[in-house]
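The residues making up each chain are set out below.
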Amino acid sequence: MSTVKDNSYDAGIMSLNGKDFADEYFKEENQVCKESNTVVLVLKKSDEMDFIVDEMLVKIFQKKNPSLVIQDRGGYWWLKADNSIEIDCEYASDILGKPYSIYDLLVDVTSTVGRAYTFGNTFTITSELMGLDVKLQDVAA
Amino acid sequence: MAISLATNAATDALALNRAPTSVGAQEVHKWMQDFNWDFKNNRTKYPTKYLMANDTKEQFKLIAKEYARMESVKDERQFGSLQDALTRMNAGNRVAPKWGETMKVVSNFLEVGEYNAIAASAMLWDSASAPEQKNGYLGQCMDEIRHTHQCGYVNYYFAKYFHDPAGHTDARRVRTLGPLWKGMKRVFADGFISGDAVECSINLQLVGEACFTNPLIVAVTEWASANGDEVTPTVFLSIETDELRHMANGYQTVVSIAHDPAAAKYLNTDLNNAFWTQQKYFTPVLGMLFEYGSKFKVEPWVKTWNRWVYEDWGGIWIGRLGKYGVQSPASLKDAKKDAYWAHHDLFLLAYAVWPTGFFRLALPSKEDADWFEANYPGWYDHYGKIYEEWRARGCEDPSSGFIPLQWFVENNHEIYIDRVSQVPFCPSLTKGASSLRIHEYNGKKHAFSDEWGERMWLSEPERYECQNVFEQYAGRELSEVIAELWGVRSDGVTLIGQPHVTKEGKLWTLDDIKRANCVFKDPLA
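Top to bottom, those sequences are chains B and L. Counting from 1, position 122 in the first sequence corresponds to residue 122 in the working numbering; the numbering is continuous, with no gaps. Counting from 1, position 503 in the second sequence corresponds to residue 1503 in the working numbering; the numbering is continuous, with no gaps.
Hints were generated in silico from the structure; no laboratory data involved. Please note: incorrect hints may appear among the correct ones.
[Unchecked claim] 20 Å max Cα-Cα, derived PhoX-like pairs, lysine-lysine: (1) L:K1431 with B:K19; (2) L:K1134 with B:K135; (3) B:K27 with L:K1337; (4) B:K27 with L:K1333; (5) L:K1431 with B:K27; (6) L:K1503 with B:K19; (7) B:K19 with L:K1297; (8) L:K1444 with L:K1323; (9) L:K1385 with L:K1366; (10) L:K1323 with B:K34; (11) B:K45 with B:K5; (12) B:K135 with L:K1295; (13) L:K1049 with L:K1134; (14) L:K1431 with B:K34; (15) B:K135 with L:K1323; (16) L:K1295 with L:K1503; (17) L:K1030 with B:K19; (18) L:K1503 with L:K1160; (19) L:K1333 with B:K34; (20) L:K1431 with L:K1385.
[Said to hold, decoys possible] Derived list of chain L stretches under chain B, where covered just means 3 residues or more per stretch with a C-beta under 8 Å from a C-beta of chain B: (21) 1025–1032; (22) 1240–1249; (23) 1252–1260; (24) 1319–1332.
[Stated by the list, open to error] Residues from chain L shown here face chain B by an in silico Cβ test under 8 Å; the list is partial: (25) K1045; (26) K1303; (27) N1306; (28) W1313; (29) K1336.
Idealized CB from N, CA, C, for every residue including glycine.
Model the full assembly from the supplied sequences, consistent with the hints where possible.
What follows is the structure in structure tokens.
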């Protein structure tokens, strides 16, 4: 599993500058895409999302997945983790003290790198190939 | 007003058979999929060489009711912020002058992309046969209408509040004047809506949206904030909240064709062509706008590109699909070279033809030059010295009569326009992945800057017949062309484009340009 250091916004080559960066960037081995099992999530800052980041992702989800990195990028929160990130909107609703559905969450989910999907009131972004390796499920009617 | 028979009938039917109100949205979504199409007779106006599967799923399970509610909340928040807090804070006028000019291009050109994406996603709706896949494309079609309005609103907002509104006010009529326009049409229009439907999806969703909207619409908000612009993050982060569904649509396009033998045969070529098409324009243009169009820098563009394009898109999207035969784009190495140098090459040319812009440009300051040299070693010797020479010759001052385009002529640095991407390049000065190659076809010469575009042209030359600006204006004097294409402010004589952003600096007029006597010449004639 990656460490927080591996997944941070300025990890790896991104921590280098000037010629050091260029040398690494132009290395022959870095001229093809390399498979990654990480996922990236961008959350627009809002009253609800700031609360979800503090109370759910930092306090709870980070314990389940210690590779999760959350960084403040001005207008948005930038998150990166190995494998997957999940947000349970039932729990979000409890801590926010108001009805808060998966579609309320999607108002402020700005971008994803990985396969993001909803199932019931849970939002997931995963490195799994949904629809290819893993079937996308419907809720029971 | 009389109530129609149809309305009466619908009202009566609903009274007898009330729609359920206590069922969850995703249960309704599942139920809706039973309203299916007859696949055997499914015909599309927009065919594809791939077979799209009939059971492809939609990752976000949207129904119209929740979609409409979600989008209305987004708009309420965005317009609420703009019209209340941001207006009271005079946010539109607190923007660093250079960045305000940059937003003239960003918001207006993105509007064109969004507008064409309406057609592209509608086309994909028609091409697909799986009901969930159609639902995803349909949602996107409506999103793109919203985005077109949002981008137009950014120009409108800045036109009201930015200290120099010229360009924001009339971008739609003057944007065709300069050489950046046609390249933008290639990526944002032709790439999205011409040719095979799945190829369009790869261009729009898998590359344009999954790869380049992250720097274009997400990272741009950091640059905006750093330069005092809180208007752009308010709008663009709201736009991007829809883009994740579009990225999922692109991925599901690939899922839908993954088991078709045609995918093994064509997908990697289509992916490479789409990647090169999109990167050829976005890589230099975004890098130029961010780094040369800002006072306060966030990080070198090449790092932004490396993070969002190479590591994340390349690793998390393309890398993970490797076991299904999807390969790293063959053009990646050249794209990486472009990400380091091509925006510097482009700014040199963009500044040289500044009178054709609907925005103002500024030469790099001493502070900028130090930053460029620290982050792109070798920048000063190649580019910095040229800017110093131009500044010494008075290129910012109308009384000098010096337009940097003249310097290219004096020094035999010929400028060409790549036929496929429509991106200008100067073979004798480029440090990006460009080198000149010329072909003749049907009695007409065509210049190319790279083997990837050249390959696309060789396989479909009739697709890339767009006349470039040098052919279009050949033999005409620059001030005539500017006047004809509305490149002037409301006084009818002062140019919208200017070679500086200082409030104290003198503004160039049509007469100043006329004195320079620049005549367009087609280098291939």
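Structure-based check of each hint:
Proposed proximity of L:K1431 and B:K19 is supported: the alpha carbons are some 16 Å apart, at most 20 Å. For the proposed pair L:K1134 and B:K135, the alpha carbon gap of about 18 Å is at most 20 Å, so the pair holds. For the hint linking B:K27 to L:K1337, the alpha-carbon distance of about 11 Å falls within 20 Å, and the restraint holds. As the CA atoms of B:K27 and L:K1333 are separated by approximately 10 Å, the hinted pair is consistent with the 20 Å bound.
Of the pairs offered as hints, the one joining L:K1431 and B:K27 holds, with about 17 Å between alpha carbons and a cut-off of 20 Å not exceeded. The suggested pairing of L:K1503 with B:K19 is violated, with an alpha-carbon distance near 37 Å, which exceeds 20 Å. Of the pairs offered as hints, the one joining B:K19 and L:K1297 holds, with about 19 Å between alpha carbons and a cut-off of 20 Å not exceeded. Only pairs whose Cα atoms come within 20 Å are accepted, and L:K1444 paired with L:K1323 is rejected, the gap being roughly 44 Å.
Simply put, L:K1385 and L:K1366 have alpha-carbon atoms about 12 Å apart, close enough for the 20 Å limit, and the pair holds. In summary, the hint linking L:K1323 to B:K34 is supported, as the alpha carbons are separated by about 12 Å, within the 20 Å threshold. Annotation: proposed proximity of B:K45 to B:K5 is violated, straight-line Cα distance about 24 Å (limit 20 Å). With a C-alpha separation of about 48 Å, the suggested pair B:K135 and L:K1295 falls outside the 20 Å cut-off, and the hint is violated.
Taken as a hint, the L:K1049 and L:K1134 pair is honoured in the structure, with Cα atoms around 18 Å apart against an allowance of 20 Å. For the hint linking L:K1431 to B:K34, the alpha-carbon distance of about 26 Å lies beyond 20 Å, and the restraint is violated. Note on B:K135 and L:K1323: the hinted pairing holds, with a Cα-Cα distance of about 17 Å set against a maximum of 20 Å. With a CA separation close to 15 Å, the supplied pair L:K1295 and L:K1503 stays within the 20 Å bound.
For the suggested pair L:K1030 and B:K19, the alpha carbons sit about 55 Å apart, so the restraint of at most 20 Å is broken. Of the pairs offered as hints, the one joining L:K1503 and L:K1160 holds, with about 18 Å between alpha carbons and a cut-off of 20 Å not exceeded. Taking the CA atoms of L:K1333 and B:K34, the gap is near 13 Å; set against the 20 Å cutoff, the hint holds. With a CA separation close to 15 Å, the supplied pair L:K1431 and L:K1385 stays within the 20 Å bound.
Coverage of the region 1025–1032 of chain L by chain B holds. Counting CB-CB distances below 8 Å, 6 residues qualify, and the rule asks for three or more. Counting residues of the region 1240–1249 of chain L whose CB falls under 8 Å from any CB of chain B gives 6; the rule of at least 3 is met. Here's how the region 1252–1260 of chain L fares: 3 of its residues keep a CB closer than 8 Å to some CB of chain B, so the rule of at least three is met and the hint holds. Figure legend: the region 1319–1332 of chain L, annotated as covered by chain B; annotation consistent (8 residues with Cβ-Cβ distances under 8 Å, at least 3 required).
At about 26 Å, the closest approach between the beta carbon of L:K1045 and any beta carbon in chain B exceeds 8 Å, and the interface hint on this residue is violated. Using the Cβ-Cβ criterion of 8 Å, the hint placing L:K1303 at the interface with chain B is satisfied: the shortest such distance is roughly 6 Å. With a least beta-carbon distance of about 7 Å to chain B, the hint placing L:N1306 at the interface is held under the 8 Å criterion. Hint on L:W1313 holds. Least Cβ distance to chain B is approximately 7 Å, under the 8 Å limit.
Given hint, L:K1336 at the interface with chain B, holds; its Cβ is 6 Å from that chain's nearest Cβ, closer than 8 Å.
Violated hints, in rising order: 6, 8, 11, 12, 14, 17 and 25; the structure is consistent with all others.
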